[in-house]
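Student: Knowing the structure of chain A, use the given hints to seat chain B on it.
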Amino acid sequence: MTLPDTVQATPRLPLDQDGGPVFNAPWEARVFAMTLQAYDAGIFNWREWAEALGAELAKDDDNDNGEMPGYYNHWLNAFERLLADKRVAGAKQLEDLKQAWNQAARATPHGQPIELKRSGN
Amino acid sequence: MSHDHDHDHSELSDIELRVRALETLLTEKGYVDPPALDELIETYETKIGPKNGARVVAKAWSDPEYHARLMNDATSAIAELGFTGRQGEHMVAVENTPDTHNMVVCTLCSCYPWTVLGLPPVWYKSAPYRSRAVRDPRGVLAEFGVTLPDETDIRVWDSTAEVRYLVIPRRPEGTAGWSEDRLADLVTRNSMIGTALALDPSDLEDAA
Chain A
1 MTLPDTVQAT
11 PRLPLDQDGG
21 PVFNAPWEAR
31 VFAMTLQAYD
41 AGIFNWREWA
51 EALGAELAKD
61 DDNDNGEMPG
71 YYNHWLNAFE
81 RLLADKRVAG
91 AKQLEDLKQA
101 WNQAARATPH
111 GQPIELKRSG
121 N
Chain B
1 MSHDHDHDHS
11 ELSDIELRVR
21 ALETLLTEKG
31 YVDPPALDEL
41 IETYETKIGP
51 KNGARVVAKA
61 WSDPEYHARL
71 MNDATSAIAE
81 LGFTGRQGEH
91 MVAVENTPDT
101 HNMVVCTLCS
111 CYPWTVLGLP
121 PVWYKSAPYR
131 SRAVRDPRGV
141 LAEFGVTLPD
151 ETDIRVWDST
161 AEVRYLVIPR
171 RPEGTAGWSE
181 DRLADLVTRN
191 SMIGTALALD
201 PSDLEDAA
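Chains as they are written, first to last, in our numbering: chain A, 1 to 121; chain B, 1 to 208.
No wet-lab data here; the hints were simulated from the structure.
Calculated cross-link-like contacts (lysine to aspartate or glutamate; reagent style EDC-like; alpha-carbon spacing at most 16 Å):
(1) B/59 to B/95
(2) A/98 to B/11
(3) A/86 to A/51
(4) A/117 to A/96
(5) B/29 to A/40
(6) A/98 to A/80
(7) A/117 to B/28
(8) B/59 to B/73
(9) A/98 to B/28
(10) A/98 to B/16
(11) B/51 to B/180
(12) B/59 to B/180
(13) B/59 to B/185
(14) A/98 to B/14
(15) B/59 to B/181
(16) B/59 to B/80
(17) A/92 to A/80
(18) B/51 to B/185
With the Cβ distance kept under 10 Å, some of the chain A side facing chain B (calculated, not the full set):
(19) 28
(20) 37
(21) 88
(22) 101
(23) 106
(24) 114
Glycine residues also receive a C-beta, built at the ideal position from the N, C-alpha and C atoms.
Just chain B, same shape as in the assembly:
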């Protein structure tokens, strides 16, 4: 079989093909129910994937030169930390400020940079989330428990096959002098999609 790297079509790795084949067969025979399968994965998804993106954010908060490189060329800056991979390529970092909050939408899990962010949440792939996020981002954020001041602009970014986004959440108050390791614990997956803020240091104490 020829193995071209033509970007006009999609490609699945051999292992992804085997997993999809199994899912199709088990679904057709009634042993597997895809919605229930998604739900089961959702149950465990918080533990999925390396917290690579959190390390990128923590470093950007701590190291102004790294921050500049990340904003200039996120793909290379992320690769500096050793995080590369088919899904992590072509990244753009968008930074939250007091004036602007960024939020990423994408209905296609193939466009989601899971090597950086971990597994996408199931709701993220749903069409209603995407269309509502574009139409009413403030309402969607409120459902996630995020209320922003009226003067904060909300920018919605749609991932494409070429560009995937990493949101740099605002560094929480009360974290001056924290190590990158400690800071990374504040960076949740959802905060890097823009559907949450970074955790507050008090959230961390509650969890411990």
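Chain A on its own, in the form it takes in the complex:
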């Protein structure tokens, strides 16, 4: 499945020979898809996203333009930072949610679906 042109312009996006994205773990696909939805929802434009990701990738010493290990770790960092810059997601909020998910996982017997139960806001 080919990606829209805007998305193809993402810095160093790993693509297969048919122009589709390549993921190495389910969470990578999830954060990729969330980024597309956040863009569609108008939180940022694709140029802003490409800049945020580019800045994050530039932190890596590896300067060639080939495949990059840990590409989606950089992607996740950049996505969190851009959402913070846009005042959509604060570090504190995300940290609290992480803790809540961690507790939910630990309270869930292995093999059961993990669900987050929010205790009011």
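Tutor: The following block gives chain B in isolation, referenced to the frame of chain A:
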């Protein structure tokens, strides 16, 4: 934080926690719609994950000794090819024959061996698929375009936290002498779940 390896509860890695936290927040703020997110992932999912399982199947078709090791202890045989990982552990290989077709059901993506099979299809996690697959496996297979002779038994395997299954589809006719690389192209993700057969060599020519 202590990091025990107690198997009574589930564990999410730090990165999985960060992704879930983001999804919860973006969903609550109305920027992300989980069903639409699943749909978007489904659009691209054919490209997800290494085709590790296909290599395992192709090798089992080609190398009788590997085949024997795989049927005896799939976890080790899969690890031989360098495919390991939290989700790929405790594998059991079940082989399709003219008499028996195997199909795997599981509603829990945490039990799905994605390091071997790639990302699970979204429908696979749905409760209706699971209950129907158990009740009417022939009907579910027909919906996937697979019609088996009446005399073929269909066995349905339910993945658990302990055991995950890899279906070894039947090797298609007309592939004698093929290399493992070429054979691996015939092995689709769905054929390793048992909701499809391995591709026919003519399907490959059509796609090329």
